[in-house]
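Visitor: Single-letter residue listing:
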Amino acid sequence: MTEAIEVKNVWYKYPNDTLALDGVSFFVNKGETFGILGPNGSGKTTLLLCICGVLKFQGEIRIFGKKVSQKNIYELRRNIGFVFQNPDDQLFMPTVYEDISFGPRQYGIKENEIKAIIEDVLNKLGIEDFKNKSSHHLSFGEKKKVCIATALVLNPDILIFDEPTSELDPASRRELMQIIISLKSKKTILISTHEPKIAKEICDKIIVLNKGKVVYEGLPHILNDQEFLTKNRLA
Amino acid sequence: MKHSFFDKYSYINSPVHKINPVLKLILFLSIGILLNIIPFQIVTYILIGSVTLVITYLSKVPLIFILKRTLVILPFVFVIALTNFFSKLSESTVLYKTFLNAYIMITLLILLTQTTKFPEMLKSLSYLRVPKLILVLLSFIYRYFFILIDEAEKMIYSAKIRTYKRLKIRTIGAMIGVLFIKTYDRSERVYWSMLLRGFDGKIK
Ligand SMILES: Nc1ncnc2c1ncn2[C@@H]1O[C@H](COP(=O)(O)OP(=O)(O)O)[C@@H](O)[C@H]1O
Ligand SMILES: [Mg+2]
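Protein sequences, first through last, are from chains E and A.
Read in order, the letters of the first sequence are residues 17 to 251 in the working numbering.
Read in order, the letters of the second sequence are residues 32 to 235 in the working numbering.
Chain A with its partners taken away, still in its complex shape:
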């Protein structure tokens, strides 16, 4: 409802949202593989870049939203590209290639997640024979991510109500600790809920 980190736009309607999620997933993976095997050519990236822009336009997901998201991840991409460059000690194209590949894949991943409802994504992954355990883990992450954000938010509010100053680092540290304990307690109760519904160590 109010938290929509990974599915903010996945509930709107557009031609891209209507594409079969399995197809989207396969396309996404094929682009990833292709980018890595074909030799570096700037034309390829101009082409893929324009296609991505068109898809974004059709999907009605604001371009600025996607750009902001990619910015967060940019530093990590840069570090990976650099390590790749140094470890291979080769020409600068390795640096460009890794960087551009990673950036494009992340942009596409954001597009994919924003135009596909998460449960549908899981179904597609299951269709592509991804192991059940991984799917269940992903389900849990999806389900409890929102709750974690909720709990963190509540704690920050209640701390802010009680103080007029900015929160001290120490307070924030303590809050993170409490959040950990709460999460641990919750995981125990979720496990009980699974037991009570017939879980015996194996997801069937």
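So that you can see chain E by itself, here it is in the shape it has in the complex:
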């Protein structure tokens, strides 16, 4: 099996001296759906941002064998789709179409090609009607789907979801889980969450973070252990 993501002894300290990642190591195999569990503030978002080279960490991260560095990050990111926890951070253009086309335009894809790809992605997610709408005219769940579209549009091999189900109502939540499950067989997926239920439902493998340290790496069955959950503030 090839390794899609390899994280070796990664440290990250915010400018205000918060040590958010304290020597984190793990690897994700190609095609796996991998869960990053941890309570609020355990470092999940920070870790995901390091993997994409957005935050300048100490240590080593490899994506399909290539070391993440400032030199190759632009190319590496093309193969990663990222879905933020809060859609309002992710969607910054005046219309849904403009937002989804931002990525492909940055990578120099031609307008007519972009148009075809976007049609396809919107169709798959069942949100064709949103195309010309402004994001602030959409509900939270609808915005979330648009975020997924912005991540899928470049057809990346790796998809990253930061707390995908937080703040969603039960129906949108089910829809979103269905979308992730439908992508499972085609992509390497990284999901951060503080909900053991989500991880048990879709993850092949997990790590558990607590205060910036990996306290568990392995199969999700550990999440049935009530004592473990309480100890790591997951229940």
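Treat each hint with caution, since some may be false.
Said to hold, decoys possible - One-sided and incomplete, this derived list gives chain A residues near chain E with beta-carbon spacing under 7 Å:
no.	residue
1	PHE149
2	SER170
3	ILE172
4	ILE178
5	SER224
Hints in this document: simulated from the structure, not taken from any laboratory.
Quick reminder that beta carbons are idealized off the backbone N, C-alpha and C, glycines included.
Go by the hints and put chain A with the ligands onto chain E.
Guide: Using the frame of chain E, we list chain A with the ligands on its own:
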């Protein structure tokens, strides 16, 4: 949805809404230039004033809404007209002209923005070769203006829930400070979102 400062009426339907936005924009700019080069004549303003009224009627945007909007800006217009008057030290027509020109242009600008969807306006600006950077900045302002209002509103609600008195100036000051920090934090995350979608310092 609930916030509709600059596009409250831009999603309704009327003959004015249907006019090509590029055309509207060009008309708007030409009127602005014309008003400034032709000599001051009261007839011109009666004419333009009536035309504006007709357009307003056709556009189905309530006249009272437009008047209220212009009222907010009136003091600024007045100050500009006054400075213009004093700096040129000329006859009173300069004062009238600047004031009337500014007032008409603002009324027309409100009409323009209320009858054109913002994304379409951006497209028209891009068609008229306005630099991309400016367009992207305008997009951001449009997108995040609503969010800022939302956040401010939430803060005011939660402060009101916790107190039965009127908010103190100091509290309001502190709230504005928090809003600034929140906005700064958000701008950082939006920047990350841009990076993650292939931004490398240049908008393509
Ligand atoms: N921009 C920031 N500046 C300073 N500290 C931060 C910042 N973002 C997060 N932190 C801190 O880093 C730690 C990890 O945060 P985060 O990665 O957001 O956790 P999670 O996503 O698991 O909730 C927390 O202690 C948090 O307070
Ligand atoms: Mg987080």
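Visitor: Does each hint fit the structure? Answer for all of them.
Guide: So, going through the hints one by one against the coordinates:
Here the hint on PHE149(A) is kept, as its CB sits about 6 Å from the closest CB of chain E, short of 7 Å. Interface hint at SER170(A): satisfied, since its Cβ lies 5 Å from the closest Cβ of chain E, which is below the 7 Å cut-off. For ILE172(A), the interface hint is violated, the least distance from its beta-carbon to any beta-carbon of chain E being 10 Å, above 7 Å. Annotation: interface hint on ILE178(A) holds; nearest CB of chain E at approximately 5 Å, less than 7 Å.
For the restraint placing SER224(A) at the interface with chain E, the shortest Cβ-Cβ distance is roughly 5 Å, inside the 7 Å limit, so the hint holds.
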